[in-house]
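Protein chains in written order, with our numbering: chain V, 1 to 137; chain A, 1 to 392.
Derived from the structure by calculation, the hints contain no laboratory data.
Hints may be right or wrong, so weigh each one.
To be verified - Coverage of chain A stretches by chain V, computed from C-beta distances (three or more under 8 Å per stretch; other residues unrestricted):
| # | segment |
| --- | --- |
| 1 | 79-87 |
| 2 | 122-131 |
| 3 | 201-208 |
Said to hold, decoys possible - Anything over 12 Å on all C-beta distances counts as not near chain V; from chain A, calculated:
| # | residue |
| --- | --- |
| 4 | P5 |
| 5 | N233 |
| 6 | R245 |
| 7 | D376 |
Every value quoted in this text rests on a predicted model; they were computed, and no experiment measured them.
No residue lacks a Cβ here, since even glycine has one placed at the ideal position from N, Cα and C.
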Amino acid sequence: MSSELLTPPNNRTLLGQVLTVANKNGELVLQHCQDCHTVQYPPREVCKHCLSDALDWRSTENSGEVLAASELHNSLEPYFQQHLPWLLTTVKLDCGLIVLCHGTDTCSTPGTRVRVITQCKDNNQAILVATLDLESP
Amino acid sequence: MSSSPKSYQGVALIAPVTVPYSRVSEHSAAWFIGRALADMLTTTGLRKDQIDGLAVSSFTLAPDSVVSLTEHFGLQPRWLEQIPLGGSSGVIALRRAARAIQTGDADIIACIGGDTSKPDSFLETVANFSSFSTDAVYPYGAAGPNGPFSLITQRYMDTYGATREDFGRICVAQRYNARHNPNALLGHKTLDMEGYLNARPIAGPLHLFDCVMPCAGADGYLVTSVERAKSLNVPFVEILAADERHNAFSGDPVQLRGGWNLFKDALYKSAGVGPKDIDLLQTYDDYPVICMLQLEGLGFCAEGEAPQFVRDTPLTFDGGGLPHNTSGGQLSVGQAGCGYMGVVETLRQLTGIAGDNQVPEATIGMVSGYGIVNYDRGLCSAATILRKGRNE
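Here chain V stands alone, though its shape is the one from the complex (with noise of 0.2 Å):
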C-alpha cells in the first residue's frame, strides 16, 4: 500500500462524529450544558456537572497554556508511524477544560500561551491543534 493511501484511525464513536461535524470550520466547539453552562471534553451523553442532557455544540474560547508535551516515536497505526515523530500536547484552556492536542513545535514548552483550533486532515475527521498564540504578550 503506498503511504498516499494511509488515513488515521477511523473508529469514532457517534458522539466522535458529531464533534467533527461540528468542528469543520476550525474554530473550537465543544459541548455546552444548556442548563448549568458547563463547557466539557472529551464529549459526553450528559452534563459531567448536572447531568442534564441539554447539550449544545457551540464556539468556545479557544486559549489556553501548555502544561506539557511529549514527541511520539512509537504508533500502533500505519498512518501515524509515516509521520514520526508526532507531537501530543496536553493544553488546559483558560476555561479549566484539559484538553489532548496534536502540537506544533513552536509550542511545546510548558507555559506556551495558545490557540486550540481544529483541523480536519486525510480522513476528514477533526483533531485539536495547539497553535502558537500570535497575540499574546
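With chain V fixed as given, assemble chain A onto it according to the hints.
Leaving out everything else, chain A in the frame of chain V:
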C-alpha cells in the same frame, strides 16, 4: 469525613498461582484462567465443586465473560464477579471476595486475572479502550497508554525535578529482582543504568525500559475463611486493611497523585501499622512514574519526594531498603492479568515460598493497584495491607 471499611478479620488468602507468561499465545484468555484454577486445586487438594465463587479480570476475554467461564470450566458457583478495573482489579477482587466470605455468600472464591496476547490483540484493546479514548486519545498518534503517560511523566519531571536516572533506579532494581524469578519473561536479560539510559526513545521522556510488554499469562489466589484455610492445612495470609478510590482529584490539571492520598491514613490506622512496618511493597508498575505516585500516595515519602526516596532507598528484594516489586514487576515479568501479580507475589513472600527472591522474615506486605486510563489519567486506585497468617 466518610467511614472506614470494617475489619476483614477472619478472611484468609491462600494458593497463589501463576500460569507462566509468554509474549504471545495461540490460547485464549480462558485457557490461562482455566489453568490457573487447575493449579489452585492441585495446590490445595480442593475439588472443583468446592469452588463456589469466581472473580475474574481480563482485557482479552471478550466476547466471553465470567459467566461464560462457568460453562467452560463446568462450575456451578453461587457468587460471581467480573472486575474491569485494569491494574487495580487484583486488589479490588480481594476486597469483594473477602466481603462475600464474611457474609457467607460463598465459602471458597477463586480470584484470577488472565490474558492472552496475539499479534493484534494489544492494538484492538487500545483502539477501543473507552469512548473517551476512542474519540480523544487514539486519534492523537495512536500511541496507546504511552501517549498520556509520556505527558504525566514529563509534567512530574518538570514539577518535582525527577530525572531519567530516578526512573531508572526503579527499573534496574526490578530487573535485578526478576533475575531471581524464573517466571519473569525478561529475567534472563540484565539491565544496568547505562543500558536503561541508552534505550531507544518511545514517547517524550519514556524509553524502552519504562514501558511494560503486553503478554499472555495469569495470576490468581483463593479467598476463604481462616478456619477453612487451617482445616486445609495450607499457609495463609490475612487482610489487615484495604480500600479504593476512583476518579480522585479530577480537577488536577495533570495527574501527579491518585486516590491513595485520600485513604492512606485510615488504611494504616485500620491495619495498626505504619509505612515503616511494611516489609515489602508491590506497586502497579505500568510506568515507573506511577510507582512514584504510589510511594508518595501511600506515605513512604511526601508528595514530590519519591525521586529522592529512590536515590536513598535500595528497592531490590535483598538490598536492605524497601523491597519493591520483588518478582520483577510487570516491567520485567510482563503485563497480563490486571494487577493480580502484586497480590500473588505478596502471598508467596508472606508464606515463605517465593524462591530465590524471598525477602527474609517477611511478615507484612502492601499491594497497590492503579488502572484505567479512560482519557488522560488512571482513574482507579486501590491498596491493601496483608499479614502472614497466624496459626494460634
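Q. For P5 of chain A, is the shortest beta carbon distance to chain V beyond 12 Å?
A. 28 Å, holds
Q) Counting residues of the segment 122-131 of chain A with a beta carbon closer than 8 Å to any beta carbon of chain V, are there 3 or more? A) This one holds; 6 residues, not fewer than the three required, reach chain V with a Cβ under 8 Å.
Q: Beyond 12 Å from every chain V Cβ: check whether that's true for R245 of chain A.
A: 18 Å, holds
(Q) For the segment 201-208 of chain A, count the residues whose Cβ lies under 8 Å from any Cβ of chain V; is that count three or more? (A) holds (count 6)
(Q) Using a Cβ cutoff of 8 Å, are there at least 3 residues of the segment 79-87 of chain A near chain V, or does the coverage claim fail? (A) As far as the segment 79-87 of chain A goes, the hint is violated, because 0 residues have Cβ atoms under 8 Å from chain V.
Q.
If we take the beta carbon of N233 of chain A, is the closest beta carbon in chain V still more than 12 Å away?
A. 49 Å, holds
Q: Just double-check D376 of chain A for me: nearest Cβ-Cβ distance to chain V has to come out over 12 Å.
A: 6 Å, violated
Hints 1, 7, counting from the list given before, are not met by this structure.
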